[in-house]
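With the hints as constraints, model all of the structure from the sequences given.
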Amino acid sequence: MKTSETRRVLDQLNSYFVAAGLFSLAVNILYLASPLYMLQVYDRVMTSGSVATLIMLTLALLVALGALAGLDAVRALVLTRASVRLDRLLATRVIEASVRQPENKGRPLRDLDAFRQALTGSGIHAAFDLPWAPIYVLIIFLLHPALGFFALGACAVLILLALANEWLTREPLREANEAAARNYGFTEASLRNAEVLDSMGMMKGLLGRWSDDRLRLLDRQSVASDRAAAMSSLIRFVRLAMQSLMLGLGAYLALERMTSIGTLFAATLLLGRALQPVEQLVGAWRGLVAAKASYVRVRDMLDAVPQRAAAMSLPRPTGALAVEALTFVPPNTPRVALRNVSFQLDPGDAMGLIGPSGAGKSTLVRHIVGVLRPTGGAVRLDGADVLTWPREQLGQHVGYLPQDIELFSDTVAANIGRLRTDAEADAEIVKAAQLAGVHEMILRLPEGYNTQIGEGGAALSGGYRQRIALARAVFGMPSLVVLDEPSSNLDSDGDAALAECMARLRELGSTVIIVSHRPSTLGAVNKILYLRDGVIELFGKRDEVIAVLNDRAKTAVMPRGSQVPA
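For the sequence shown, the residue numbers in the working numbering are 710 to 1275.
By construction, these hints were calculated from the structure, which means they are not laboratory data.
In this text, all values refer to a predicted model and were calculated from it rather than measured experimentally.
Positions of the beta carbon are idealized from the N, C-alpha and C atoms, including for glycine.
Any given hint could be a false lead.
[What the hints assert, rightly or not] Restraint-style ranges between C-beta atoms, simulated for each label pair:
id	residue 1	residue 2	range
1	730	1156	53 to 61 Å
2	1131	1264	32 to 40 Å
3	822	1065	37 to 45 Å
4	1117	717	29 to 37 Å
5	1036	786	49 to 57 Å
6	765	851	41 to 49 Å
7	1025	1246	33 to 41 Å
8	730	761	34 to 42 Å
9	914	840	48 to 56 Å
[Said to hold, decoys possible] Distance condition first, Cα-Cα at most 25 Å in a straight line; then the derived DMTMM-like pairs of lysine to aspartate or glutamate:
id	residue 1	residue 2
10	1236	1216
11	1236	1058
12	1263	1253
13	1236	988
14	913	935
15	1250	928
16	1001	1209
Below, the structure written as structure tokens:
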């Protein structure tokens, strides 16, 4: 069975867990100092009356307790280092997988943080101390069998209560975690559409749906919390009662001359120490269950988006594009989004991709830039599958302007330069802005290229954002430029700048694919592909395809009974 990526990462933390286990060994051995002190004080000092012996025992106890506190702190530091190491091993991988699965947005990183924080919580410390409970019970047996059987029964009762707590809270906690994920996802999606919600008066409906989901979340959390609180109080009562009863049993045995006063106090301390990890685990159970759920989500996401294998660097592509029998069936749906799509483009070609809504145009261009993995077939750039190209290298040679424009909360220059900060990028940034026809507009901004554009480009108009995104797409003169509805927010000047940009790209040998219906942009292409229901209906030279579409349109509007001219 194949080991998951997260399991392999946890295996790399084994040295930290082994070290924490060794420190737990030392901590729990040193904890025996208090029971031993009780035995010696009551059974030796009280009978001998030696003050010197009492002082020496007290000093030894203080040294042992100091060492215990120090080693416990070191154990906490080790687990903190394990938490930091886990983040370093997985955080970048989680972000990379989230980019390739954008529907997850920021949730995977929150899940990683929740799981990472569990490594430093009280639950993990209790888990390291729990294996010592049988050893403490065994020592109580050595003090007196009756006390040992009582301690064994007390541990059994607490463990049964802990299992009852897990059984009572399992389902509510699972439902609460699922409801929380849905509620957070709905909230994030709503905030991304804040302008629509506000302008169209949809807040009441939104808050109604949000409140319903939130109430279900709070209801499940309340049920789980109420049950956990009740069980935690019951377990605390049982622990205190058992310790008191242990003291009473020890006193009875002492009265019957079957054991000593020191033994009853030592046994009571040992029983408290044996029961303490169980109580701590019950108190931390809710957090541990949530951390496990977070771990499972991170594991499943990384398994669904495997890490790309290191690939050999390839020469700069010329822009020759070949789409070979491309087929795509979206996950969890029987619908075929693309079916056996095949075409070729030569360097310098510009292709218009047209078709009705839902035809699969955006899905096709996302495959072309390597964002989606096809169910069958391949997309090749200069003969190499785009999925086998090293991503950083392929990104230098591909420009992509998606339908939904996402700009970074940074300067105009950083957005155009694809977050490059080296001095050599400055000239390329200006060159890209000039090619996109946005250079003069940028210079009119308050700080020019150094203007901060806000979250998602909130400080800019839709046209500004689209033209800056176009400049980013052509930054570095990529060999392949893919533009998905690049003129949706452009005015006539923007349309003219786009057409001029496409013409210039063709002159420089770049291959251009544009999804658009505007004649001004289709006039700059030399080929057109007409897609319907994920299938190519027409592909060829622009004028020939447009002529066929015009003939179809004339036929569709002819009166019934008329004939199509031969």
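So, going through the hints one by one against the coordinates:
A beta carbon spacing of about 56 Å between residue 730 and residue 1156 agrees with the range 53 to 61 Å that was offered as a hint. Distance hint for residue 1131 and residue 1264: a CB-CB separation of about 58 Å, inconsistent with the stated range 32 to 40 Å. The supplied range of 37 to 45 Å is met by residue 822 and residue 1065, whose beta-carbon atoms lie about 44 Å from each other. Between residue 1117 and residue 717 the Cβ separation comes to about 32 Å, which falls inside the hinted range of 29 to 37 Å.
Between residue 1036 and residue 786 the beta carbon distance is about 54 Å. The supplied range of 49 to 57 Å therefore holds. Checking the proposed 41 to 49 Å range against residue 765 and residue 851 shows it is violated: the Cβ atoms sit about 24 Å from each other. Our hint of 33 to 41 Å for residue 1025 and residue 1246 holds, since their Cβ atoms are close to 34 Å apart. In this structure the hint that residue 730 and residue 761 lie 34 to 42 Å apart at CB holds, the actual value being about 39 Å.
As the Cβ distance of residue 914 to residue 840 is approximately 54 Å, the hint placing it in 48 to 56 Å holds. For the given pair, residue 1236 sits about 15 Å from residue 1216 by alpha-carbon distance, which is consistent with the 25 Å threshold. Distance hint between residue 1236 and residue 1058 is fulfilled; the C-alpha atoms sit about 7 Å from each other, no more than 25 Å. At most 25 Å may separate the alpha-carbon atoms for a hinted pair to count; residue 1263 and residue 1253 meet this at roughly 16 Å.
At most 25 Å may separate the alpha-carbon atoms for a hinted pair to count; residue 1236 and residue 988 exceed this at roughly 72 Å. Distance hint between residue 913 and residue 935 is unfulfilled; the C-alpha atoms sit about 31 Å from each other, more than 25 Å. Between the alpha carbons of residue 1250 and residue 928 the distance comes to roughly 62 Å, so the proposed pair goes past 25 Å and is violated. At roughly 55 Å between alpha-carbon atoms, residue 1001 and residue 1209 are farther apart than 25 Å, so this suggested pair is violated.
Of the numbered hints given earlier, the model fails hints 2, 6, 13, 14, 15 and 16; all others are met.
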